[in-house]
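A.B. asks: Sequence:
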Amino acid sequence: MAPFALLFASLPAAMVLRAPPPLPTPLAHASARVLSPRMLEAATEAQIQKLIDSSPVVLFMKGNKLFPQCGFSNTAVQILNSMNVPYEVCDVLENPAIREGIKEYSSWPTIPQCYVNGEFIGGCDLMIEMYQSGELQEMVERAAAEA
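My numbering puts the first residue of the sequence shown at 2, with every later residue one more than the last.
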């Protein structure tokens, strides 16, 4: 059984947090994104880009690595922790501009959001799928080796 599956093996089925239905596939590259009509403020966009560029793997989440503030953020942290690769987090609860701005930046409506080598990977649901297929492990290991 995969390490991630062990986290939930002992919980009754009613207690296991289910990912929401899949959303449309995220855009492959931030440069290809289409902003909403509201447009992201330049200063917020620059701050988000600086955060994404600060590490090969970046997770925008509610809370931090030690104390995630929502179940989806907790699941994303557990996935990344199980892969034993370094990653940085940005607690969106500390900055309302980042919290709303990251949604516009990626054209993705939910948090958490994971970026690998500057590329938007997706939210919790896509991280679970990619983790289970082995694709996420390969991607983050490659990113860590290139750093």
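If you are wondering where the hints come from, they were derived from the structure by calculation, not from laboratory data.
There's no promise every hint is true.
With a straight-line cut-off of 35 Å between C-alpha atoms, the simulated DSBU-like cross-links for lysine-lysine are [stated by the list, open to error]:
(1) Lys66 x Lys104
(2) Lys63 x Lys51
(3) Lys104 x Lys63
(4) Lys51 x Lys104
(5) Lys66 x Lys51
A.B. asks: Each hint needs a verdict: does it hold in this structure or not?
C.D. replies: These are the hints, each one checked on the structure:
1. Lys66 x Lys104: holds, 20 Å
2. Lys63 x Lys51: holds, 19 Å
3. Lys104 x Lys63: holds, 13 Å
4. Lys51 x Lys104: holds, 16 Å
5. Lys66 x Lys51: Holds. Lys66 to Lys51 sits at ~20 Å (cutoff 35 Å).
Violated hints are absent here; each numbered hint is respected by the structure.
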